[in-house]
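S.K.: Please build the complete structure, drawing on both the sequences and the hints.
Each chain is listed here by its residues.
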Amino acid sequence: DVKVTQSSRYLVKRTGEKVFLECVQDMDHENMFWYRQDPGLGLRLIYFSYDVKMKEKGDIPEGYSVSREKKERFSLILESASTNQTSMYLCASSRAWFTGNTIYFGEGSWLTVV
Amino acid sequence: GQQVMQIPQYQHVQEGEDFTTYCNSSTTLSNIQWYKQRPGGHPVFLIQLVKSGEVKKQKRLTFQFGEAKKNSSLHITATQTTDVGTYFCTQTGANNLFFGTGTRLTVIP
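Heads up: the protein sequence lines correspond to chains A and B, in order.
In this text, residue positions in the first sequence follow the working numbering: the first is 1, and each later residue adds one.
In this text, residue positions in the second sequence follow the working numbering: the first is 1, and each later residue adds one.
Rather than coming from a laboratory, the hints here were simulated on the basis of the structure.
Since the model is a prediction, treat every value here as computed from it, not as a measurement.
Every residue, glycine too, gets a C-beta built ideally from N, C-alpha and C.
None of the hints are false.
As a list, the in silico DSSO-like pairs of lysine-lysine whose alpha-carbon atoms are at most 27 Å apart:
| id | chain 1 | residue 1 | chain 2 | residue 2 |
| --- | --- | --- | --- | --- |
| 1 | B | Lys36 | B | Lys57 |
| 2 | A | Lys57 | B | Lys36 |
| 3 | A | Lys70 | A | Lys57 |
| 4 | B | Lys70 | A | Lys57 |
| 5 | A | Lys18 | A | Lys71 |
| 6 | B | Lys56 | B | Lys70 |
| 7 | B | Lys36 | A | Lys3 |
| 8 | B | Lys59 | A | Lys3 |
| 9 | A | Lys70 | A | Lys18 |
Stretches of chain A that chain B covers, calculated by requiring three or more beta carbons in the stretch to come under 8 Å of a beta carbon on chain B:
| id | segment |
| --- | --- |
| 10 | 35-42 |
| 11 | 104-110 |
On the chain A side, residues computed to face chain B include the following (Cβ under 8 Å):
| id | residue |
| --- | --- |
| 12 | Leu45 |
| 13 | Asp59 |
| 14 | Leu90 |
| 15 | Asn101 |
M.R.: So this is what it looks like as structure tokens:
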């Protein structure tokens with residue numbers, strides 16, 4: 001079974017803190033993604049990566065950055081956390097693109113910024 | 001980027017009633033995938049449709065892909081409390097990475 005593991009399930013951070021959300025997948029997938037999920041807004045793509053050291057902006061990249069130094073690991077960074085970044089963050093992975101690759105999600109990280 | 005719109009956003013049904021959610025796109029879709037997210041959980045892949053007019057079934061769930069490949073539906077027959085959750089549709093592939101808002105299903109026992 002594909003496993004996507006997010007290092008932290010619940011975090012509480014202060015405004016202005018730097019926050020790292022780590023994600024690891026064990027299926028040698030080329031693609032990795034970070035989404036945030038908010039009530040009524042569905043899943044919104046923040047960033048994705050299709051290869052090591054490659055990244056592409058998604059729908060809402062502002063206030064976030066990412067790092068992919070190894071194929072299995074994709075980190076989401078909040079340089080200076082703000083209260084409007086309180087959300088549930090989902091990491092996901094999939095094989096390289098051709099029509100219809102299944103996306104596998106991690107369990108999610110609930111971030112509260114106070 | 002292209003987006004897939006889902007309706008309704010919320011649906012409450014009595015246990016045993018049927019439920020349908022619809023996905024609509026203004027452009028032709030190369031494929032459609034459906035995911036289910038249980039309350040407090042993460043989205044889990046259900047099925048993929050690729051061919052025009054395709055219909056697939058999983059027990060009480062019936063998935064359809066429109067003839068023009070611009071819409072899709074998920075129909076649940078005789079809902080059970082285990083069907084509770086949010087159902088998402090999406091197209092996957094390069095440059096098509098957007099999920100819709102989903103349809104949140106509540107089943108009243």
